[in-house]
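A.B. asks: As a plain string of letters, each chain reads:
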Amino acid sequence: MIGYRSVEYKEFPLSIIVIATILSFIGLVVLNSISQGEYAGFINSPFNKQFVFLIPAVCISLIILLIPRYTIHKYSYPLYVIGIVMVLLPFSGSAHAGTYRWFNVPGIGFAVQPSEFSKVFTVLFLARYLSDHTLQMKQFTSIIIPIALVMVPTMIVMNQPDLGTAIVMMTPVLPMLYWSGAKPFYLFLIIAPVFSMLTAFQTLSFTIWAIILGGVILFSRPTLLMSILLFFGNIFLGLLSPYAWNSLTTYQQNRITTFLNPEKDPLGAAYQIIQSKTAIGSGGLFGKGWGEGTQTHLKFLPVQESDFILSVIGEEMGFSMIVIVLTLVAYFIIQIIKRSFLSKDRFSSLALIGIASILLAHVFVNTAMTVGLIPVKGLPFPFISAGGSFLMTSYLMVGLVLKLSVNYTD
Amino acid sequence: MLKADNIVSIRQYYLAVFITILLITVLAVRFFQLQVLDYDQYSKKANSNRIRKVTTSAPRGLILDRNGQILVDNLPTYILNAVPGELTNKAQTLRLISKLVNYDSLALSKSYGRYYRGRFIPTRIAKDLTFDQISRLEENRLNLEGVYYQIFPERYFPSVVNASHILGYVREVDKGIRQSLDNPTHYELGDIIGWSGLEKKYENYLKGKHGIQFYQVDAYGREAGYVSDFPPRDPEPGRNIITTIDIDIQYSLENIMEGKKGVILIGSPETGEILGAVSKPDFRPDLFTGRILADDWNDLLLDPSKPLVNRFNQGLYPPGSIVKMITGAVLLDHQDFDPHLTQDCAGAYQFGDRVFGCWLDQGHGKVDLTSAIIQSCDVYFYKTIHYYDLDKLSKYFRKFGFGALTDVDIEGESKGIVPTTDYMNKRYGRFGWSTGALLNFSIGQGEILVTPMQVLNYTNILASRGINYKPHFVISEILSKNKDPLLPSEDWDRITFDMKQVVMHPKGTGKSANPLVNGAHVYGKTGTAENPHGEDHAWFIGWMDYLENKYSIVVLLENAGSGGAIAAPIARQVFNDIINLNSLVAK
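Protein sequences, first through last, are from chains U and G. Just so you know, we're using this note's numbering here: the first sequence kicks off at 1279 and counts up by one. Just so you know, we're using this note's numbering here: the second sequence kicks off at 388 and counts up by one.
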């Protein structure tokens, strides 16, 4: 039944609203457990803060609903420029804990993280760009330009430095290119060097990668010269990367090394992973109960209100609630992908798949980090983690999804 | 614009959905592994992961007098905390404690409710326990699971003086106070915080930094040593402050004022340092330490003589004749004014349809400026002040620091009132007042209101001929300069001469302030301030030169009578005490 795209799709995506509401509610319940008497001052309590920020967040999605679709389309280029200016703004102020991620909005008295908003603007821009430049996607060169354009804000964010957000900003590029008809082999070519570098630190992983690389090249049958260049180019890059390693900042190095060997540095980033795993593991099937998590309340669990909020859910509500949360999130993202597929115009379709990939990137990176599958990255979980900027961005995305997934004839 | 059709194929759609499901499934499987398969392992780990964070209070800094004698000290007492999550039977535990230490169990549970912040945070249930009481608790250790004691430094006042309005008092941080703070994270519930006086003003110096210790706790809740991963942080005591107060002078002032109502301030005019300050009635500062009883607090609050009011900082009084040196300076500013020209005082002066009386009914006869100051003749000033308007007089009052904060380092200062034309128009309407107000103003009556601290500041300016520093209570390397009224040198000479005559001249109103000791030179001015609340306020201001030192003085007695008869003898008593103290030191 999904195959009949010609059918006018008018149904309003109610499930998007319902799931966003449920997830926000779960977030508030968890934050309320964390906030129990721990914070002095109304606005210092994560629960109160999140509750207050929900108001502008919901307003943003309502405003988006009022804006005609062609207006969003029309202003997606200017928004891209605004997005770049926004991520540059923090550099004009002073550093927060050595980083330039936060910008103090004059007159409001709190700081926002412009990169959160900027990644949505980048998706809109890319959707517009790819829907305007149709059908040349079979060529490799036409892939390069959009990637280069997305790299501009990404590099700025990388220099803030905010590796996690930079990764999330780049993530939508691949699915969106794929959506607009780029050859999967070309997309593979783009990510291959990244994998070559990442795997080069371990002989086993590098060997496996080399086999996969060779297999894909064999399977796609490019010319002999091309195959040789590709294969050995990548291997060479992998062998070079240990040198590139030395050019990373110690903070980035630390995060990667502690991931590779968590026992090495029990009080640093690895300590966070160990504590997070302990909290989650000790929660068991049904958890210790609301407000009863010892790891959470004895403060073993770090950044529990944002980065490690899933660990709190794991500890206090157990595996059962984790399954519910993951199912809801998966359903939410799949709904967006479905709307993207059913959408009649390409701009909306591309924007929706871009949003879906941002959300999936957040969910995967955040959760994989809390369970120790990937290095510690400071990325929040959508709707649940405390954090005003990302909450507003999430609801901005909800607004866009609601707007773009309904095929009105506006 | 939106014409480009969607070209996504169902294969692409399925791949995207597949990747999503794959990634989420990987996560779910990982959770299953951690929470279901490895549950036992992590559950054990979490149980041994019971570390209790204990914060120890740092002692506040001491407050010392100028010679290093301790005014405010700390006394170690014991407090009792309970970790709510570890109490198996709260009511029973509290009952047992109340039996052992002989405290009301209702008070214990009240305290528990007040300090409760969460199941895992130590909650205070009792304080000010003695070593004896702690020993009895220790004997019953096994029945008191989840209850711990700690040493807690309490404020303690070892000196003979009260100095309550200078030192101020501290309060215990409760939930309400904590929420109102700018830096709530620096305070735990139950900490003490400076709430008035120097304790408040110098809070950031006096406050120490909490110590933090992480204890590994065994299954019985017993502390089993420090945790090596978290090295303990020792409490850092607050910094001491050295005040300008001289404990001996302060003691003498408090004795002299015992049973009276008013203020004495002793200062060093050149530096602005305050050697002694008393506002009576006052209170014992240790009333505020420990468990302040609601009754005591209410007694203080409801006492009609208002012992909690800091009279030298907050009290507003009409200054009366003590400001006549300012009026004199205003007159001298006019080129036609001749200070030697005499005016006739017949005891009263008719101005318009009003009669303005002099304090001496029979009148002073012929008086010039000097004798008007010496005898404090009012009519002389009524008759001469015509040259000026109200604002000219206000300007000079402001030059001497009236109508503005003195910036003394104790909060809650009043600004006082110096009437200007604008002020009078606003208060009485454009035509609601007349030049009569100017006549009143010239002798320190009418709308003008001052604080004793402003008067000390004014006295310092007079004594130092304008070169002086703002009054302060804590010794500081950097002194902040006061405004200099910049009078001509011959005006200062005249003021000094006249004020000396007030004390020396047989007709001088301040002659009973003279200690009649060789080498002590006293300068002064009396004031008798009429006020609508009853008997006149008695003022004496001035200074004494004695053995290279200058001591400025302000005496104010509320509703006590005339300055010459009441305040001046008290000033003499103070001067005598200072002279005796000096000779004691010399010996």
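Read the hints as simulated data drawn from the structure, not as lab findings. Where a beta carbon is used, it is the ideal one built from N, C-alpha and C, also for glycine. Hints may contain errors.
Only pairs whose alpha carbons sit at most 20 Å apart, straight line, appear in this in silico SDA-like list of lysine to any residue [what the hints assert, rightly or not]:
#, chain 1, residue 1, chain 2, residue 2
1, G, Lys432, U, Lys1681
2, U, Lys1622, G, His920
3, U, Lys1655, G, Arg417
4, G, Lys937, G, Lys894
5, G, Lys514, G, Arg504
6, G, Lys587, G, Asn570
7, G, Lys868, G, Asp964
8, G, Lys431, U, Asn1310
9, G, Lys431, U, Leu1563
10, G, Lys937, G, Leu903
11, U, Lys1655, G, Leu410
12, G, Lys937, G, Gly833
13, G, Lys782, G, Gly833
14, U, Lys1616, G, Arg398
15, G, Lys514, G, Pro463
16, G, Lys432, U, Leu1563
17, G, Lys770, G, Phe738
18, U, Lys1622, G, Ile394
19, G, Lys587, G, Arg626
20, G, Lys562, U, Lys1681
21, G, Lys432, U, Glu1570
22, U, Lys1681, G, Ala391
23, G, Lys587, G, Gly448
24, G, Lys431, U, Lys1681
25, G, Lys868, G, Ala907
26, U, Lys1616, G, Phe738
FRET-style restraints, in silico, Cβ to Cβ [to be verified]:
#, chain 1, residue 1, chain 2, residue 2, range
27, G, Ser867, U, Met1429, 55 to 61 Å
28, U, Ser1370, G, Phe405, 43 to 49 Å
29, G, Ser863, U, Met1429, 53 to 59 Å
30, U, Gly1567, G, Ser522, 36 to 42 Å
A.B. asks: Tell me, in ascending order, the numbers of any earlier hints that this structure violates.
C.D. replies: 1, 2, 4, 7, 8, 12, 20, 24, 25 and 26
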